[in-house]
Amino acid sequence: MEETLEKKPMASPPSSPPLAKKQKMSTTASDTDPEPEIEAETETNQDPSSAPAERRRRYKRRKVAIFLGYCGYGYQGMQKNPGAKTIEGDLEEAFFHAGGVPEADRGAPRRYDWARAARTDKGVSAAAQVVSGRFYVDPPGFVDRLNGILPDQIRIYGYKRVTNAFNAKKFCDRRRYIYLLPVFALDPSAHPDREAVMASIGSGNELVKCVECSERGRKIPGLMGPDPVKLNGVASSVECEAGDSDLKSMNDDLIPEDVKQDDTLKVGEESTIIEKVESVTAMNTEKSQFSYDDAVKERFNSILKNYEGTHNFHNFTTRTKAEDPSAKRYIISFNANSVVSLDGIDFVKCEVVGQSFMLHQIRKMIGLAVAIMRNCAPESLMEVALRKDVSINVPTAPELGLFLDECLFSSYNKKWKSSHEEVSMKDYENEAEEFKMKFIYSHIASMEHKEGAVALWLHSLNRRNYPDFNYLETNSKPVGSEETKQECLETAELKEENLGQKESEDMNVGEEETKDKKLSEEESKETNLG
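So that you can map any letter, position 111 of the sequence shown is 111 in full-length UniProt numbering, and since no number is skipped, the others follow by simple counting.
Don't take every hint at face value.
Capping the alpha-carbon separation at 27 Å, the derived lysine-lysine pairs in DSSO-like fashion look like this [claimed, not checked]: (1) Lys417 / Lys122; (2) Lys414 / Lys321; (3) Lys169 / Lys436; (4) Lys450 / Lys63.
Computed beta-carbon distance windows for the label pairs [to be verified]: (5) Asn393 / Gly141: 48 to 54 Å; (6) Gly107 / Glu383: 44 to 50 Å; (7) Lys426 / Gly141: 21 to 27 Å; (8) Glu451 / Tyr330: 33 to 39 Å; (9) Ser391 / Ser419: 48 to 54 Å; (10) Glu433 / Arg111: 30 to 36 Å; (11) Asp152 / Asp427: 20 to 26 Å; (12) Asp343 / Lys85: 22 to 28 Å.
These are computed hints drawn from the structure, not numbers from a lab. This one's a predicted model, so the numbers in the text were calculated from it and none came from an experiment. From the three backbone atoms N, C-alpha and C, an ideal C-beta is built for every residue, glycine too.
Produce the entire structure from the sequences given, and follow the hints as far as they go.
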């Protein structure tokens, strides 16, 4: 039985060819890229501006890495903290108002996979911070909308499409920080500690001017002390925080020799003495000709090099015990090879690269290195501070000069280079450099001129404020060290030598006693015979 087969009509070809596969979008894509995908069908004649909620539903969320910079002045750090003004707090509001986050996710960053590559402390800036999350980046102009909402000291450079599993914190291999340290901070004669430059005038917590900082109107809280030393009724112009004997010796140094030799002064000679004292004081307070030459650079870099490698940095942070595994950190490099001049002040760029850093870690690393450079602490204290079994107080440098320079994603870029754009600052270098000079560098220089944060901090670098600078002098050598073993060996050898000398002396005494006994016996025999 033959079956009759009905021929089905062939499908007509499509009226237009299929769309090509869309590229991963970013702020560096060209204007000829295809239009973004539409998540739900809507009427094409609908006005997007009349219904912002509908506009947000039209487009898909994109997982992106956002590059930004900010000046940390006036902020309580990067991480959001209830009741505090933070960078993340301003960013969250900007993302919502720019249409990147829906109303339901406002104030709930976990819902859109929020992550930051680095967490900066209070007052610390960033030239190249990276955050990630799922945002509505369409329609075009997302970066401009964000920058129109954010303050000038927070700038969005752009964004890159990343994988769905990307996390700015977990995928960041290393972070590079820079600390701009004034060159004068490395000069032991510049801004000496308070014990040498400050006088306690009167009583109470009186404010007095530092001799070297008085030109800029900086004030340091004084200490209680004796009345100012007077020179035949003329008050001395020297201000220091030393005791009576130290203050007297400093004034003696300032008095010219011809005045010291003659204790009786004639009327009218006081003005001459004052002029001589003031002239000597002016010479002593002249600006130092100290510079960051090759010798200073070599010594400073050798000190910073001690931080490289894996160490226990429990002394370089707060609230972290030595037994905590998080106290161990790996420093890839730490150097200070270049100098930048800003507003008449020379700054040395201290560049440190590491996997991650703890709270105040970099500032404390700089603080101890400066204390050693200024001969406030011995260089051997560096090795003690990195020991797990020792707890000491390490000085913390001001936060003003510290900023995050870049976050690096080497492993991620190597793995996904064939399908995704490189997550780096290469496309935004010019913008970042412009922002750095306009907001970060200028702020550091102006604040150092105005408030002298580093200069005032240098006055506190003394053994009264940091008694642990005397640690090696006040503490015995640790048991088991090579020096202790050597001392024990030398002591044992000395004991053996002394013991041998004693035995030899005992033998000699015994022989003398035997001889004397024999002589006495012979004498007694001769007496009996007689």
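Against the structure, the hints come out as follows:
{"no.": "1", "hint": "Lys417 / Lys122", "verdict": "violated, 35 Å"}
{"no.": "2", "hint": "Lys414 / Lys321", "verdict": "violated, 36 Å"}
{"no.": "3", "hint": "Lys169 / Lys436", "verdict": "holds, 23 Å"}
{"no.": "4", "hint": "Lys450 / Lys63", "verdict": "violated, 43 Å"}
{"no.": "5", "hint": "Asn393 / Gly141: 48 to 54 Å", "verdict": "holds, 52 Å"}
{"no.": "6", "hint": "Gly107 / Glu383: 44 to 50 Å", "verdict": "holds, 48 Å"}
{"no.": "7", "hint": "Lys426 / Gly141: 21 to 27 Å", "verdict": "holds, 23 Å"}
{"no.": "8", "hint": "Glu451 / Tyr330: 33 to 39 Å", "verdict": "holds, 35 Å"}
{"no.": "9", "hint": "Ser391 / Ser419: 48 to 54 Å", "verdict": "holds, 49 Å"}
{"no.": "10", "hint": "Glu433 / Arg111: 30 to 36 Å", "verdict": "holds, 35 Å"}
{"no.": "11", "hint": "Asp152 / Asp427: 20 to 26 Å", "verdict": "holds, 22 Å"}
{"no.": "12", "hint": "Asp343 / Lys85: 22 to 28 Å", "verdict": "holds, 27 Å"}
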